[in-house]
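S.K.: So the sequence lines, in the order shown, correspond to chains C and P. Per my numbering, the first sequence starts with residue -3, numbered consecutively. Per my numbering, the second sequence starts with residue 545, numbered consecutively.
If you are wondering where the hints come from, they were derived from the structure by calculation, not from laboratory data. C-beta atoms are modelled at their ideal positions from N, C-alpha and C, and glycine is treated no differently. Treat each hint with caution, since some may be false.
Said to hold, decoys possible - Computed beta-carbon distance windows for the label pairs:
| no. | chain 1 | residue 1 | chain 2 | residue 2 | range |
| --- | --- | --- | --- | --- | --- |
| 1 | P | R574 | C | I5 | 49 to 57 Å |
| 2 | C | K58 | P | K562 | 35 to 43 Å |
| 3 | P | A601 | C | I5 | 16 to 24 Å |
| 4 | C | I5 | P | V646 | 33 to 41 Å |
| 5 | P | L698 | C | R158 | 54 to 62 Å |
| 6 | C | K58 | P | W552 | 35 to 43 Å |
| 7 | C | R131 | P | W552 | 17 to 25 Å |
| 8 | C | T78 | P | F647 | 27 to 35 Å |
| 9 | P | R570 | C | E176 | 19 to 27 Å |
| 10 | P | M545 | C | K58 | 45 to 53 Å |
| 11 | C | S146 | P | L546 | 27 to 35 Å |
| 12 | P | L698 | C | S157 | 36 to 44 Å |
Read off the chains here:
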Amino acid sequence: MTDSDRVEIKTDEDLAREARAGSRRSFEELALRYRRRLFAFFRPRLGSDQDAEDLVQETLLKLYRNIGSYDPAFRFSTWLYTAAGRLAISTYRKRSTAAAGLKIVAESEPVGQIEAENEGNDSARLWELAGTLHRNYFRALWLRYAEEMSVDDIAMAMNKSRVAVRILLHRARTNLAKKEGEKRCSVI
Amino acid sequence: MLCHLTRWLISRTADTGKKMPPWAGRHAERCEACRAFASFSRALPSRLSGEVPAFLAGIPDVRLFRTPPESIEPAAPRPSRFRSFLRPLPIAALVLALAGGVFLLRGLRSGADLTPEKARAAMAGLRRVTAIPDDWPVVLTAAESSLEQERLLLENSARSAYAFLQDRLNITVERKDSRST
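Could you build the full structure based on these sequences and the hints that come with them?
M.R.: Right under this line is the structure:
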């Protein structure tokens, strides 16, 4: 096997380009890379873990159907989260995630056990805390710090203006800091 | 108030890289809470980015599907602009435009071998078309008379409106220029 055949070392954009050309293997690698990230992105937005799983499944199916419209001039993650955000909004409105025909099989423990286990896991404490913020604050933080997107990319993915994104990020930081036990200002 | 502004500027620095104004920096030095917010914001990128692997590890390994369903095929890549340009209709339009251009060019070139007689005849025709008619004062008077009629009509309407207002509202409407007299 040559390096060009090893999908694990390829960038997201390379994989998306290959998937666009019809490579199923490249698409599967993209799905593997983003399934947990998408789950983390959706989970605070929705009522249940099951809804988040359904939405991950739907997003990836939509991605597969529309991979032909991916423009390599953009970062793949921006394109993916833009589609994911739109899907989440429509799902949030409808509150019904119709099964798209793909079977989800949990390989390990049920999703409901995550929080219980993470309570003792201090290394992910801040994200757990961020998960308790308003879903838009969490989304903005996730795209900024987990996906390392610029404010412009976040604005595109969240379909908001740059200023709106900066306000979201500012409020997210302020609320997160408060949750960490910020002191009241004493100087006026 | 100052704290809100200072914290907004701290966030602005984190997102855009713009420098904080000196007064905000001075305030942040004195205010313990703003100082704490500044250090929290500075540490946030490394803290949150560093926590991502642990956070994702807490999410179960969900196998979505082994392969996408056979019935669904990925959409074909969108044709590039160049390819869409090679469609029949744009090509036909281009050919027509080119043919028109060639025709015009040939017409212009053929003007070069005009004989003096032809040129004189063409100039005479042009003069006939653009010449001012002999009866132009009559035409001008007719145009002016219609304007005059229009003016008289307007004047009559204004006079009638003035009389109506005076009659109905029991007021005296005076012309502005007649007040001084």
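S.K.: Which of the numbered hints are not met once you compare them with the structure shown?
M.R.: 4, 8 and 12
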